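**Q** Line by line, the protein sequences give chains A and B.
Numbering-wise, the first sequence is residues 2 to 303 according to this note's numbering.
Numbering-wise, the second sequence is residues 20 to 264 according to this note's numbering.
Some hints could be false.
[Unchecked claim] FRET-style restraints, in silico, Cβ to Cβ:
#, chain 1, residue 1, chain 2, residue 2, range
1, A, 10, B, 113, 46 to 52 angstroms
2, B, 28, A, 92, 48 to 54 angstroms
3, A, 160, B, 94, 52 to 58 angstroms
4, B, 91, A, 160, 39 to 45 angstroms
5, A, 11, B, 28, 48 to 54 angstroms
6, B, 50, A, 223, 48 to 54 angstroms
7, B, 31, A, 202, 52 to 58 angstroms
[What the hints assert, rightly or not] No more than 25 angstroms apart at the CA atoms, straight line, and that leaves these computed lysine to any residue pairs for SDA-like:
#, chain 1, residue 1, chain 2, residue 2
8, A, 79, B, 22
9, A, 91, B, 252
10, B, 22, A, 28
11, B, 248, A, 34
12, A, 285, B, 22
13, B, 248, A, 28
14, A, 31, B, 227
15, A, 31, B, 47
16, A, 64, A, 195
[Claimed, not checked] Below, a sample of chain B positions facing chain A; criterion: calculated Cβ distance under 10 angstroms:
#, residue
17, 66
18, 236
19, 237
20, 247
These are calculated hints, taken from the structure and not from any lab test.
Remember, predicted model here, so these are calculated numbers, not experimental data.
Where is the CB? At the ideal position from N, CA and C, for every residue including glycine.
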Amino acid sequence: MNIKTELCGLPLDNPIIPASGTFGFGQEYKDFYDLNILGSISIKGTTREARFGNPTPRIAECKAGMLNAVGLQNPGVKAVVDIELPELKKIYLKPIVANVCGFSLDEYVEVAQLMSEVENVGWIELNVSCPNVKHGGMSFGTDACCAAEVTSAVKAVSKKPVIVKLSPNVTDITEIALACQEAGADGLCLINTLLGMRLDLKNRKPLLANVTGGFSGDAVFPIALRMIYQTAKVCKIPIIGCGGVSTARDVIEMMMAGASAVQVGSANLINPFASKEIIEAMPKEMKKLGIQNLTDIIGVAL
Amino acid sequence: MTKGLYLIIRHERLTDNVYRLVVEGDTSSILRSGQFVNIEIERFYLRRPISISDYDGNTISLIYKVVGEGTEALTHYKEGREIDLLVGLGNGFDTDTVCHKPLVIGGGVGIPPLLKLTKELITKDKQPTVIICFNTKDEIFLYNEFKSLGVDVLVTTVDGSYGVKGFYSDAIKESGIKYDYYYTCGPLAMLKDIHSTLSVQGQISFEERMGCGFGGCMGCSHKTKSGYKRVCTDTIINSDEVLFD
Ligand SMILES: Cc1cc2nc3c(=O)[nH]c(=O)nc-3n(C[C@H](O)[C@H](O)[C@H](O)COP(=O)(O)OP(=O)(O)OC[C@H]3O[C@@H](n4cnc5c(N)ncnc54)[C@H](O)[C@@H]3O)c2cc1C
Ligand SMILES: Cc1cc2nc3c(=O)[nH]c(=O)nc-3n(C[C@H](O)[C@H](O)[C@H](O)COP(=O)(O)O)c2cc1C
Ligand code: FES
Numbered sequence: 002m003n004i005k006t007e008l009c010g011l012p013l014d015n016p017i018i019p020a021s022g023t024f025g026f027g028q029e030y031k032d033f034y035d036l037n038i039l040g041s042i043s044i045k046g047t048t049r050e051a052r053f054g055n056p057t058p059r060i061a062e063c064k065a066g067m068l069n070a071v072g073l074q075n076p077g078v079k080a081v082v083d084i085e086l087p088e089l090k091k092i093y094l095k096p097i098v099a100n101v102c103g104f105s106l107d108e109y110v111e112v113a114q115l116m117s118e119v120e121n122v123g124w125i126e127l128n129v130s131c132p133n134v135k136h137g138g139m140s141f142g143t144d145a146c147c148a149a150e151v152t153s154a155v156k157a158v159s160k161k162p163v164i165v166k167l168s169p170n171v172t173d174i175t176e177i178a179l180a181c182q183e184a185g186a187d188g189l190c191l192i193n194t195l196l197g198m199r200l201d202l203k204n205r206k207p208l209l210a211n212v213t214g215g216f217s218g219d220a221v222f223p224i225a226l227r228m229i230y231q232t233a234k235v236c237k238i239p240i241i242g243c244g245g246v247s248t249a250r251d252v253i254e255m256m257m258a259g260a261s262a263v264q265v266g267s268a269n270l271i272n273p274f275a276s277k278e279i280i281e282a283m284p285k286e287m288k289k290l291g292i293q294n295l296t297d298i299i300g301v302a303l
Numbered sequence: 020m021t022k023g024l025y026l027i028i029r030h031e032r033l034t035d036n037v038y039r040l041v042v043e044g045d046t047s048s049i050l051r052s053g054q055f056v057n058i059e060i061e062r063f064y065l066r067r068p069i070s071i072s073d074y075d076g077n078t079i080s081l082i083y084k085v086v087g088e089g090t091e092a093l094t095h096y097k098e099g100r101e102i103d104l105l106v107g108l109g110n111g112f113d114t115d116t117v118c119h120k121p122l123v124i125g126g127g128v129g130i131p132p133l134l135k136l137t138k139e140l141i142t143k144d145k146q147p148t149v150i151i152c153f154n155t156k157d158e159i160f161l162y163n164e165f166k167s168l169g170v171d172v173l174v175t176t177v178d179g180s181y182g183v184k185g186f187y188s189d190a191i192k193e194s195g196i197k198y199d200y201y202y203t204c205g206p207l208a209m210l211k212d213i214h215s216t217l218s219v220q221g222q223i224s225f226e227e228r229m230g231c232g233f234g235g236c237m238g239c240s241h242k243t244k245s246g247y248k249r250v251c252t253d254t255i256i257n258s259d260e261v262l263f264d
């Protein structure tokens, strides 16, 4: 059984990558298991300056999922490059995915450039899809022209492959995906969270201090799968599937729909061993389904 | 932290809406009082954080109040059933601080973690005075457990139906007790009042809505004088670090 795959020309021991924002900078998980089992790790979305993020409550629950309005809390690109990435390198030996966010074109370019120079960064993941910040994030990812503009500007400076992480909060995901591909993106990651909200019935007010939050977890899987499928039908560049993955079967389903690698997000939060357990369960699931090489199934359903 | 299945060996009602759940399993990851567990409840996506009220070599005692759907569902869990817990979360109380007569002040479901704390303080040769605060007599729980430790226990009720009428501050005033430190857990308004009123240093236990409980999601951050901290990893903060907005 072969669970190896490839992402934008770089080999992956397996397709499983903990998703940005659910795995910190790796340190929180290092005592739970040896992180080197993971295909890669996508680090917390990083901006130019340090950010505290939104006021609390930032977390709400819903049926089969959750909402978050963290608002990109991170220590800023300098601290990430000087401290977090070297620290992560001590415990995780493979290339990582650097999730980059910004509030302006300049910021995206500057952060991506700095990150792409770091040795253990394998890919730049352009987060043009964070729904929890105003005047940035998602506003770049819901307009095809903006998304293309950021992509080509970052491509021009990045020394590493650029993967654009798309927002599902759009009418036609393929329009944005194609625009990014034309602008030179090396890959796509879909999906980020869906915009949602909850009320506090006792207070009769929105539960999250930010009012709205990003919806993720088991419940979003079919939406993510549909978007991967639609995008894989029209795009040539590789896709990282993400959204509601919690089992090896989910991974296989996403790969059949066209994903070359798969990110596991919220599942890590409710079971800190989720990513490891999924990797360990892959061979057994593959055997059941008669799959020899995982790469054979990428996009077979298209 | 350990994750595992824990066997429910006792589950009983203490008051109208407060329950005690005693589970059996690995407690080796619990290092201090004031730490918490994160409980998986069937059909609910997120786990529910509950403080460790007491523990020994192989049991953990939890005391929880029914406030919403998750805790309501938990009340139906029977003895003999297994539940999935993340155990040993949070930093816990530091009982090695220099003090002789600490006040231990708890309000409502902030009281449970103070039971093991008080035991630890006694082991470390300190002389704690416990003040536990409720709205009314019918809500009182853990009183006998504290009493049996042989420490002074003051009870307050807002309506005066038992003990001192009023709040923790009325108990201090009425009894004239001397203290040189404090430990507290309870409703935010009480924590704020203690922090601004008491002239000694202390440790304050915080609460926040959590995505993970172990530092992975940044869902629970709050500001302190020494920067941003996560409530799940730094649940208990020294009073001189605390910032209330
Ligand atoms: C570190 C810590 C220790 C705690 N210890 C205790 C304890 O010992 N005894 C006890 O009775 N309660 C304790 N709580 C509060 C307890 O976690 C909540 O009452 C419980 O999660 C409510 O769940 P629910 O499904 O009944 O409520 P719902 O309102 O239906 O829950 C919806 C969501 O909001 C979260 N939530 C709701 N209220 C709170 C709250 N006050 N704090 C954190 N999250 C909340 C839930 O976890 C869930 O994710 C503690 C909270 C924290 C953070
Ligand atoms: C608490 C939390 C924080 C997140 N932070 C980021 C982030 O910083 N950057 C990003 O690109 N996506 C972020 N995401 C989105 C996830 O990476 C992922 O795209 C989304 O949650 C869907 O996957 P899931 O259903 O497996 O969680 C975050 C998600 C959660 C739950
Ligand atoms: S609850 Fe996830 S970081 Fe604190």
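**Q** If a hint holds in the structure, say so; if it doesn't, say that too.
**A** Hint by hint, here is what the structure shows:
no. : hint                             : verdict
1   : A:10 x B:113: 46 to 52 angstroms : holds (51 angstroms)
2   : B:28 x A:92: 48 to 54 angstroms  : violated (38 angstroms)
3   : A:160 x B:94: 52 to 58 angstroms : holds (57 angstroms)
4   : B:91 x A:160: 39 to 45 angstroms : violated (54 angstroms)
5   : A:11 x B:28: 48 to 54 angstroms  : holds (51 angstroms)
6   : B:50 x A:223: 48 to 54 angstroms : violated (42 angstroms)
7   : B:31 x A:202: 52 to 58 angstroms : violated (29 angstroms)
8   : A:79 x B:22                      : violated (35 angstroms)
9   : A:91 x B:252                     : holds (22 angstroms)
10  : B:22 x A:28                      : holds (18 angstroms)
11  : B:248 x A:34                     : holds (24 angstroms)
12  : A:285 x B:22                     : holds (23 angstroms)
13  : B:248 x A:28                     : holds (15 angstroms)
14  : A:31 x B:227                     : holds (24 angstroms)
15  : A:31 x B:47                      : holds (18 angstroms)
16  : A:64 x A:195                     : holds (14 angstroms)
17  : 66                               : holds (6 angstroms)
18  : 236                              : holds (5 angstroms)
19  : 237                              : holds (5 angstroms)
20  : 247                              : holds (6 angstroms)
Hints 2, 4, 6, 7 and 8 from the earlier list are contradicted by this structure; the remaining hints agree with it.
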